[in-house]
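Protein chains: 2
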Amino acid sequence: MAPSFYETLVERNKQYAETHNPAPTIAEQMALGRVFETTLVITCVDFRLNPDQFLQTKPEDQFLISRNPAGRVGPALQEIMLFDVFLGLKRVIVIHHTDCGGSQFKDADIREAHKSRLPDHSEIDHMVFGAFDEVEQSVRDDLHLLKTSPYVPKRISDQSLGFVYDIKTGLLTPVE
Amino acid sequence: MAPSFYETLVERNKQYAETHNPAPTIAEQMALGRVFETTLVITCVDFRLNPDQFLQTKPEDQFLISRNPAGRVGPALQEIMLFDVFLGLKRVIVIHHTDCGGSQFKDADIREAHKSRLPDHSEIDHMVFGAFDEVEQSVRDDLHLLKTSPYVPKRISDQSLGFVYDIKTGLLTPVE
Chain L
21 MAPSFYETLV ERNKQYAETH NPAPTIAEQM ALGRVFETTL VITCVDFRLN PDQFLQTKPE
81 DQFLISRNPA GRVGPALQEI MLFDVFLGLK RVIVIHHTDC GGSQFKDADI REAHKSRLPD
141 HSEIDHMVFG AFDEVEQSVR DDLHLLKTSP YVPKRISDQS LGFVYDIKTG LLTPVE
Chain C
21 MAPSFYETLV ERNKQYAETH NPAPTIAEQM ALGRVFETTL VITCVDFRLN PDQFLQTKPE
81 DQFLISRNPA GRVGPALQEI MLFDVFLGLK RVIVIHHTDC GGSQFKDADI REAHKSRLPD
141 HSEIDHMVFG AFDEVEQSVR DDLHLLKTSP YVPKRISDQS LGFVYDIKTG LLTPVE
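The listed protein sequences derive, respectively, from chains L and C.
Read in my numbering, the first sequence has 180 at position 160, and its numbers run on one by one without any break.
Read in my numbering, the second sequence has 156 at position 136, and its numbers run on one by one without any break.
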């Protein structure tokens, strides 16, 4: 019998664990006198993206990777507030990508589909799902949001960067 | 002079791109007759976690990786609504981890820190930042939320799974 989804998942994870490199606990890091100085990367959930790979992250970089549909800053504003206070947030990097699903649906259509199932839930009328028209502009819009939101201190928004990731070439292009 | 943060980032990405394996566009996938049947993995932004690595994901798995502080389901409910309609969402996997920062801060402290800076922003009083007391219980709580939220259709919540990832061993332990 073919292995189930669950069995495949657990088996792959066991294989991974054989060469797993254990990370220090937060207490161990602090005992070593290591100060947290984190970078929050906000990018898309798309299964064609592997940000740890295309950024070649190393644990000592302290790159927190936040992922939501399209990689929008709006849903991540509270994370920025949290990490500003809790994990020494230094900067934010916004990375949207070419051929993103975010440009292929409309928020209104998603609302409509759920309203037909849940007609009494009027709060759905106000839901935003992250759709955008043009990928460079969506990065610009999100950088603007970082710079104008009262929730983001200037020392963090001043260090923010924006990029478009090309799924065909694997390259990041900066967005001014 | 040492390379700047920006230069290091771009240089590492260029190195990655040399062996980048281009992914098909959504249009190319659909032309091949490939139906979207996605799995949404919800996990933490922690820099000690590399979910694509510990799950040994393959592009054909169509694992959408959503990451927020602690990997809570609450902030991801709208994503589930989106992917239910837009990308053929089949199941949700919740993965919290040992030594998570989520158990080391209190939502009230984060609110307090921002209220002292933004005293006129009373909406901060209602903000939730994802803190929890115990990691297995937080997975259980989030599985319960999946099963009881009106936004999540039963065919999806019935397929949901929960795990704790151990940062020391790299292993996933299922949570019932």
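What the hints contain is simulated information worked out from the structure, not anything from laboratory work.
Be aware that a few hints might be false.
Unchecked claim - List of simulated lysine to aspartate or glutamate pairs, DMTMM-like, C-alpha gap at most 20 Å: (1) LYS78(C) to GLU27(L); (2) LYS34(C) to ASP186(L); (3) LYS110(C) to ASP178(C); (4) LYS78(C) to ASP140(L).
As the structure is a prediction and not an experimental result, all values here were calculated from the model.
Status of each hint after checking the structure:
For the hint linking LYS78(C) to GLU27(L), the alpha-carbon distance of about 16 Å falls within 20 Å, and the restraint holds. This hinted pair checks out: LYS34(C) and ASP186(L) have alpha carbons roughly 12 Å apart, not beyond 20 Å. The straight-line distance between the Cα atoms of LYS110(C) and ASP178(C) is roughly 10 Å, inside the 20 Å bound, and the hint therefore holds. Of the supplied pair hints, the one linking LYS78(C) and ASP140(L) is violated, its CA atoms being roughly 40 Å apart against a limit of 20 Å.
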